[in-house]
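Novice: If you want the building blocks of each chain, they are given just below.
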Amino acid sequence: MLSRTADNLFWLARYVERAENTARILDAANRLAAMPIAYAGESNEWESAVAATGTLGLFKSLGKEATGESVVDFLAFSADNPSSIRSCLERARVNARTVRTALTTEMWEAINGAWLGLRDFNRLGDRVRLNAFLTYVKEASLRFDGSAYRTMLRNDAYFFSGLGSFIERADNTARILDVKYHLLLPEQESVGGGLDFFQWSSILRSVSANTAYHWVYRESVKPWLVADLLVLNEQLPRSLSACYGRICEFLDELSLAYGRQGPAQRVARSTRNRLQNATLEDVFQGGLHEFLTEFIGENSRLGQAITDQYLA
Amino acid sequence: MRLRIVHEIVYAFDPPANGAIQTLRLTPRGHDGQFVVNWRIEVDHDCRLSSARDPFGNIVQSFNTDGKLDGLAITALGEVETHDMAGMVRGQSERFPVAVYLRDTQLTESDQGIRSFAAEIDAASPPDRLSTLHALMDGLHDAMEPGETEDDRAIAAFAARKGDARALAHVFIAAARHLGIPSRYASGYLFKPGSEEPDHSEHGWAEAFIEGVGWIGFDAACNICPTDAYVRLAIGLDRVGAAPVRGAAYGDWSAVPKVTIRISEAGTVKQP
Amino acid sequence: MVVAFDEMGSSGDSCRPGYEVLKRWLESTPPDLLTTRRAEAELLFRRIGITFNVYGDEAGEERLIPFDIIPRILTKKEWSVLARGLEQRVKALNAFLADIYSKGEILRAGLVPDDLIYRNPYYRPEMAGLKLAHDIYVMIAGIDIVRVDPDTFYVLEDNARTPSGVSYMLENREVMMRLFPDLFAEQRIAPVENYPDALLATLKSVAPRSASSDPTVALLTPGPYNSAFYEHSFLADKLGIELVEGRDLLVRDNVVYMRTTEGPKRVDVLYRRLDDDFLDPLTFRPDSALGVPGLMSAYRAGNITLSNAVGTGVADDKAVYSYMPEIVRFYLGEEPLLQNVPTWRCREPDALKYVLDHLPEMVVKEVAGSGGYGMLIGPTADKKTIAEFAAKLAANPDDFIAQPTLALSTSPTFVDSGVAPRHVDLRPFVLTGGDKVRIVPGGLTRVALKAGSLVVNSSQGGGTKDTWVLDA
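Protein chains in written order, with the numbering used here: chain A, 1 to 312; chain B, 1001 to 1272; chain C, 2001 to 2472.
Among the clues, some could well be false.
[Unchecked claim] Some chain B residues near chain C, calculated using beta-carbon distances under 10 Å:
1. Ser1050
2. Phe1056
3. Ile1059
4. Phe1063
5. Gly1236
6. Gly1241
7. Arg1246
8. Ala1248
[Said to hold, decoys possible] Calculated Cβ distances over 10 Å to all of chain C for the following chain A residues:
9. Ala6
10. Arg31
11. Asn44
12. Ala66
13. Arg150
14. Asp156
15. Asp178
16. Ser208
17. Thr211
18. Trp215
19. Asp252
20. Pro263
21. Phe284
22. Gly297
[Said to hold, decoys possible] Below, a sample of chain B positions facing chain C; criterion: calculated Cβ distance under 8 Å:
23. Thr1023
24. Pro1055
25. Ser1125
26. Val1240
Worth flagging that the hints you see were computed from the coordinates, not collected in a lab.
On a predicted model such as this, the values are computed, not experimentally measured, just so you know.
Ideal placement from N, C-alpha and C gives every residue a C-beta, glycine not left out.
When you get a sec, could you build the whole thing from the sequences and use the hints?
Specialist: Written out as structure tokens, the structure reads:
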């Protein structure tokens, strides 16, 4: 397949995933911000939301103050922010349009429809509107994922688009955790209380893992268990470990299909091995923040390796 | 005159390019006024230089490099023995019917300004074509101020009444073609005795065709028909067609190379 | 103005051969059923065509060229005359191009003035002396045909660069077969759906000698922002070949490769829908980012076939067109089977005088341009327009040719007022391979939807029809 086609598929999937992740982060922030300070704490939820999308530098360079209004606009609609939901869906559609024939009709309709529907959400009057918008984005992404899963041939096109989704997803999970890492330090265990509870469950909410947590651990929300779930638990689809499981699968499929492997496979396997061998104690010993920073770096190196090996 | 020429073209790619491809019209051919004693092209990367003739008769070399590169240096060097033929170009096979040299190109299009200028000169000069062309060269040399121009289209240069040798050649060509005289662009080197500073671009002038006489060079910038101080590299319909180097680098399409040209006298050979 | 010849024979009970079934059907079908069918057709176009038609429009909505559900019909006999004429014409075009890019015998013979060729903007000096595989320049030609009476077809224009519209021919048929299966069952209508196969076979047959026995073909497009992108994408899909942009290709040691996820893959034949000017920034426009640097070197080295060849535009120039009868005779030693529209070359003083005297009756066209922008249609122009045009013409007579206003044939068309005759033309597609010439019966019929209008261009109120060639 043409490298450019593969590149378009890879980024198409990443943009769709990014749009959904941003919607989840906004959703969680919106919830926390709606709570009385006594419950939610004094941290600026809106600023952490921007930080979790990795665009805090850009946000600040635009001279903005992190308020509900400015952040919603920046993360959802701003043309200045290449990672805003609108920008992501727009770029996803541009990519989709260029590789139209590599997509199934269902996928094209999902992405084109999502883009067309954006027009109904030009401005947000109130929180109800925001919720409707975030639901819309999440559903669009589900529709895209679902149609890819149900209609695509399991060939290189599928693998490249899958790689895009999971690399983006891993990056996102790592960033959400990292923004809140100070709350998850084990020493603070004793603090407990309502305030932290809402912070933790907001993290779980932003990766849709609130219910999952209870199914897995069957106890109240404990910070290190949240980290365990999001980093090491293979069952949680958004955990780093699960993402790398899928990434390695897709890369294996590609190396089988093409009859050769390269740096991308090596980089991914080494990360996967480390995630599999790590224990929660190891992770906290070296510092969760350090661990996540390193992971984010490795994940982006993998993206580059895939680009060099296949997409350029 | 025996001239020694070293022509360096150096690219820097930042960020590194993912391979480069170049087309060179960087090898002079011999004719009655010019004998190429020796000539070679060096490239600082592994590559295969393939050689062909283009339809204008120019020697064209092309090559490509693979893999990442942050720079590329091409050097053409050699010695050429020249004789003053009063601008006449003889002893070189012509491949095209002269009618081709009446074509307009983007760089040599004429507008009303150039056309009236050409018509006035034509009306004021003796009826023979050679006199008209000399008058045109004189007239342009007087009318145009020498100097670098961003835009070397004939129309732009003439409107600004300013241009370097290459832009002047375009105006000359545009005017001559308007008068129905086939003309073309020649790229090459001009030796300026006593000048220590290297050149940073190749020289260029015009050639016009007169029935019964043949092709004659006119350098409006110097107001002279090429002498033994000129080495002719390639011909084309305009500067771009006769450009010594046309290249592209993957990932960095617009890199402009740094050019250094050094010309010196290699030793005098006595005329018989 | 003369009454146009109607291909069905609308007046009274008379019916021309080929239209019997259709006429009976039209007479027995109530208008609201036609309306329903038309709505269904539009729905189908949006459904099967939607994926393509969305491209051009940034608003993301499908833009459809109006489609008329009443087919245009040609009998087997009419078609076979046309087909032979088309084949002859394209043969002559190819011979002409091969000649002007090598010895130029027709110019030496004085049959075509040499400045018309050498100063033509579409003549490419870079092509001189370049030996092509099989000497074929125009593999894909779209020859615009108009008809004025039962026996006279004129060639209006030769499209020898990158003729478009074939996707409509294919989609129109697809829709008609779904809407009117009965009409297809009642008579034998020659299929067109083998066009992609014929095209692919043609392209493979002109592969360079250095190619493998199963040459790789790709379609080179300027990209999604090009107005014909949907057709590029449609054809690449139907042919099962890669749709590439310039940046997908690279040239190594004079061989063209496409960048794939498995490394560079050699390309042997490029069906290019990118204009000459943009093909190779190292040879043509240096500022083109759409092209492939080094492509022309590979072409000269004989390692890639470009279809159509570079520099074919000189053959569809309107002034060169006027010499086509001479061109056919010169190369083939035959009389032309298809007539040219009588054409005055304004570069010739006598012709210019005649044209200036008769402007209100004439159609005057610019020679180097295409698309009808620098055009005068005398009978519909007002005095002021004619006077202005006369001045333009007198100032640059070389740039124009003139033709009489033709009464183009009409075909029954379903318009707001019901079924009414409307003027049509026809663009058949002629494929010339190394092995043989292939012409899919029919082509694209364009129809001027406005009553009395002779302009069939889609940008100016034109629509399309399915074209049926009866195979019995």
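Novice: Hints first: check each against the structure and report whether it holds.
Specialist: Evaluation of the provided hints:
A distance limit of 10 Å between C-beta atoms decides the matter here; for serine 1050 of chain B the minimum to chain C is near 6 Å, and the interface restraint holds. Below 10 Å, beta-carbon pairs count as interface contacts, and phenylalanine 1056 of chain B has one with chain C at about 7 Å; its hint therefore holds. Interface hint at isoleucine 1059 of chain B: violated, since its Cβ lies 13 Å from the closest Cβ of chain C, which is beyond the 10 Å cut-off. At its closest, the beta carbon of phenylalanine 1063 of chain B sits 8 Å from a beta carbon of chain C; the interface hint therefore holds under the 10 Å criterion.
A hinted interface residue such as glycine 1236 of chain B counts as satisfied when its beta carbon comes closer than 10 Å to some beta carbon of chain C; here the least separation is about 9 Å, so the hint holds. For the restraint placing glycine 1241 of chain B at the interface with chain C, the shortest Cβ-Cβ distance is roughly 8 Å, inside the 10 Å limit, so the hint holds. Checking arginine 1246 of chain B against chain C: minimum C-beta separation of about 4 Å stays under 10 Å; hint holds. Of the supplied interface hints, the one on alanine 1248 of chain B holds, with its beta-carbon coming within about 4 Å of a beta-carbon of chain C, less than 10 Å.
A cut-off of 10 Å between C-beta atoms contradicts the statement that alanine 6 of chain A is not in contact with chain C; the least separation is 5 Å. At roughly 33 Å from the closest C-beta of chain C, the C-beta of arginine 31 of chain A stays outside 10 Å, upholding its exclusion from the interface. Even its closest Cβ contact with chain C, about 37 Å, leaves asparagine 44 of chain A beyond 10 Å, as expected for a residue assigned away from the interface. With a least CB separation of 33 Å from chain C, alanine 66 of chain A remains clear of the 10 Å interface cut-off, as annotated.
For arginine 150 of chain A, the shortest C-beta to C-beta distance to chain C comes to about 18 Å, beyond the 10 Å cut-off, and the non-interface label holds. Consistency note on aspartate 156 of chain A: stated as away from chain C, yet its beta-carbon is not over 10 Å from all of that chain's, at 6 Å minimum. At the 10 Å boundary, the C-beta of aspartate 178 of chain A stays outside the reach of chain C, the nearest C-beta of that chain being 32 Å off. With a least CB separation of 30 Å from chain C, serine 208 of chain A remains clear of the 10 Å interface cut-off, as annotated.
The non-interface label for threonine 211 of chain A is consistent with chain C: the shortest C-beta to C-beta separation is roughly 37 Å, beyond 10 Å. Against the 10 Å criterion, tryptophan 215 of chain A stays outside the reach of chain C, whose nearest CB is about 39 Å from its own CB. Listed as outside the interface, aspartate 252 of chain A is consistent with that label: its C-beta sits roughly 15 Å from the nearest C-beta of chain C, beyond the 10 Å cut-off. Non-interface status of proline 263 of chain A relative to chain C is upheld: no Cβ of that chain comes within 10 Å, the nearest being about 14 Å off.
The beta carbon of phenylalanine 284 of chain A sits about 40 Å from the closest Cβ of chain C, which is more than 10 Å, so the claim that it is off the interface holds. Every CB of chain C lies more than 10 Å from the CB of glycine 297 of chain A, the least distance being 25 Å, so the non-interface label holds. Residue-level restraint check for threonine 1023 of chain B holds (minimum Cβ-Cβ distance to chain C is 4 Å; threshold 8 Å). The closest approach between the C-beta of proline 1055 of chain B and any C-beta of chain C is roughly 4 Å, which is under the 8 Å cut-off, so the hint is satisfied.
A distance limit of 8 Å between C-beta atoms decides the matter here; for serine 1125 of chain B the minimum to chain C is near 24 Å, and the interface restraint is violated. Taking 8 Å as the C-beta cut-off, the interface hint given for valine 1240 of chain B holds, the closest approach to chain C being about 6 Å.
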